[in-house]
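Quick mapping for you: the protein sequence lines, in order, are chains V and S.
Following our numbering, the numbering of the first sequence begins with 1 at its first residue and continues without gaps.
Following our numbering, the numbering of the second sequence begins with 1 at its first residue and continues without gaps.
Worth flagging that the hints you see were computed from the coordinates, not collected in a lab.
Worth double-checking, as some hints may not be accurate.
[As the list claims (entries may be wrong)] Sample of chain V residues lacking proximity to chain S, with all beta carbon distances greater than 12 Å (derived):
no.	residue
1	R31
2	Y54
3	I71
4	E114
5	I177
[Said to hold, decoys possible] Pairs of lysine-lysine residues, derived as DSS-like cross-links and limited to a Cα-Cα distance of at most 25 Å, are as follows:
no.	chain 1	residue 1	chain 2	residue 2
6	S	K9	V	K17
7	S	K379	V	K179
8	S	K67	S	K5
9	S	K312	V	K17
10	S	K388	V	K164
[Unchecked claim] Stretch by stretch, here's where chain S covers chain V in the computed footprint (C-beta under 8 Å, at least three residues):
no.	stretch
11	33-39
12	73-79
Beta carbons are placed, not taken as given, at the ideal position from N, Cα and C, and that holds for glycine.
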Amino acid sequence: MDFIIVGEDIATREIIKRLISQYCSHAAILREEPARGSEIQAQIRRYNMLAESYPIFVLTDEDGECPPNKIQSWFGGDIIAPQMLFRVAVDEAESWLLADHSGFSNYFRIANEEIPLSAVRGNEKEVSFSIRYKTSLFIMLELVPKSRSASVREQLTPRNRAHKGPAYNSAMVPFIINKWNPEMARQNSSSLDRAIIRLLEFCS
Amino acid sequence: MLMTKIILKNWKNFQDLELPFRERAFIVGPNASGKSNLLDAIRFMRDIVKQAGGFQYAVARRGGVAKIRCLSARQDSNATLEIHLSHSFSDVHPEWQYRLSFRHAGGGIRRSEGLILEEVICKQGEIIGERHNTDSIEEDDWKFTLLEQPVSNKKFREIYDFFKDIQYLHVVPQLIREADSYVLTSGREDFYGRNLLEAMAKKNANTRESYFNRINQFLKIAVPQLEEMKFVSDQKTGIPHLQATYKHWRAKGAKQQEKQFSDGTLRLVGFLWAILDGSGLLLLEEPELYLHSAIIKQMAEYIARFQRKRDKSLRQVFITTHSYELLDNQGIGSDELIVLRTDSESTQAQIGSEVKEIRDYLDKGFSPAEAVIPYVAPKQVEQLSLLKED
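Could you build all of it, start to finish, from the sequences and the hints given here?
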């Protein structure tokens with residue numbers, strides 16, 4: 001089984017690849033998409049058609065729209081193809097990274113207690129924040145300044161009006177590939193937990 | 001005349017390649033996969049027939065047979081090139097087939113040269129000229145092609161003319177701008193650098209003016225502030241120049257010559273000139289370089305419009321590109337896409353319509369860019385994020 005994986009940015013696509021390699025290890029990656037950013041919503045119905053012939057794993061951010069609404073507005077009532085694995089991470093894909101509390105804390109050298117854990121969102125066990133930022137911005141603006149590593153601070157602190165630190169991917173990708181522990185993270189993130197369950201079903 | 005097929009064996013990146021061509025070819029692939037080498041195989045034929053050219057010239061210019069041969073070639077060390085020409089894409093038999101096979105000769109104290117092993121010319125499927133050097137005799141006869149000699153190519157002058165009319169454009173703005181570049185490029189017919197101006201200078205004045213009218217229509221839209229682009233010759237030295245008038249605060253506008261032009265303006269002028277001038281096969285190397293994405297988006301269509309010539313003949317255009325914008329055009333046919341992918345041995349080239357994955361994407365409404373760019377993306381590019389700083 002060869003997956004087409006679809007994610008808005010490099011970090012998101014690496015999260016998908018990491019999950020596939022861990023929970024669906026016989027599968028390979030056929031293609032990484034989209035060819036350029038911000039195209040997922042525009043292309044999603046085409047991806048859904050493509051999923052008649054290829055397994056497709058799409059991971060997207062919540063962007064303030066709850067998943068059922070998002071599916072309705074994106075898919076426009078189309079039936080989601082059986083081979084379409086469409087997952088919405090709570091808030092942002094980065095929340096799945098943060099949910100590996102100790103892994104994140106050790107790797108980025110940020111004290112454990114600084115990282116919010118299992119804050120309540122509805123009745124779900126989710127990492128969520130009563131703050132005005134998205135997860136990735138919360139990481140960069142609130143957590144990173146508290147890191148004991150100068151290089152983490154350098155790479156992840158956004159410069160004037162930038163949305164990401166100047167070496168955001170270089171900081172995140174090694175963590176995702178080498179250190180992130182989805183088994184730990186799923187205990188703190190029900191959206192990740194459900195995604196893993198679906199992936200396991202999908203691959204069995 | 002149209003180039004309908006190319007076959008390469010042991011040729012640079014390609015161990016074994018066979019590709020049909022259509023009106024346009026958009027050649028896409030990762031870095032160093034052989035996009036330029038594919039165009040170069042065609043330019044090799046042009047080097048054989050051009051003035052002061054010839055087979056030995058074409059070989060030497062590429063650094064000898066050793067540099068032309070496929071790196072992964074082992075026993076079979078002959079390089080072979082075959083090209084089919086037709087009047088239409090639907091011809092059952094190509095009007096012309098030309099095949100040339102050669103290997104390295106000489107070495108030691110003798111100059112290293114190319115040695116022809118086989119040369120075959122067919123018309124409508126029938127052989128009208130052939131030579132086979134079965135014993136690899138190293139005599140002078142086997143150092144020149146029939147094609148390059150006016151006496152021996154009489155019966156197939158059409159092939160000769162086709163290759164002679166091929167144009168290649170890869171404007172390097174730095175070379176046009178630098179006065180010294182004249183030395184570097186003089187003698188080369190290709191539109192490298194300075195030769196763009198030479199080509200313009202050689203053109204009949206009326207034709208040149210009508211081309212410049214077209215070019216100006218385009219530039220006025222594409223280059224803000226540019227009022228008019230003109231071709232001028234220095235009155236004292238006769239050296240050709242481009243001169244542009246810009247709308248500025250000055251009443252009469254400010255004049256600039258090519259030395260002051262931006263890289264993008266020079267590339268654009270070169271692109272437009274190449275599209276307008278000539279009727280032979282046009283080879284374009286990454287025409288998107290230095291240009292704004294809004295302009296690149298229009299290129300595929302602009303080419304399609306101007307490839308039909310006044311006399312209704314079709315001028316083929318082959319393009320190498322890395323550009324999403326260039327390929328983001330629903331008017332590009334899947335048989336106009338050529339995708340290159342490398343494996344450990346060599347490069348595989350396929351027509352888009354022959355790749356199921358690409359067909360599936362196009363059938364579901366994705367643009368050629370969406371279908372093709374991820375297909376040829378380097379694998380594991382995320383490893384770049386893992387590189388250490390020291």
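Hint check:
1. R31: For R31 of chain V, whose nearest Cβ neighbour in chain S is about 4 Å away, the distance does not exceed 12 Å, so it is violated.
2. Y54: Nearest chain S Cβ is 7 Å from Y54 of chain V, so the label is violated.
3. I71: Correct as stated: the minimum Cβ-Cβ distance to chain S is 19 Å, above 12 Å.
4. E114: The claim stands: E114 of chain V keeps its Cβ more than 12 Å from every Cβ of chain S (closest is about 25 Å).
5. I177: violated, 7 Å
6. S:K9 with V:K17: violated, 38 Å
7. S:K379 with V:K179: holds, 22 Å
8. S:K67 with S:K5: holds, 23 Å
9. S:K312 with V:K17: The hint is violated at about 52 Å.
10. S:K388 with V:K164: holds, 20 Å
11. 33-39: This one holds; 5 residues, not fewer than the three required, reach chain S with a Cβ under 8 Å.
12. 73-79: Check failed, 0 qualifying residues.
When held up to the earlier numbered hints, the structure conflicts with 1, 2, 5, 6, 9, 12 and fits the remainder.
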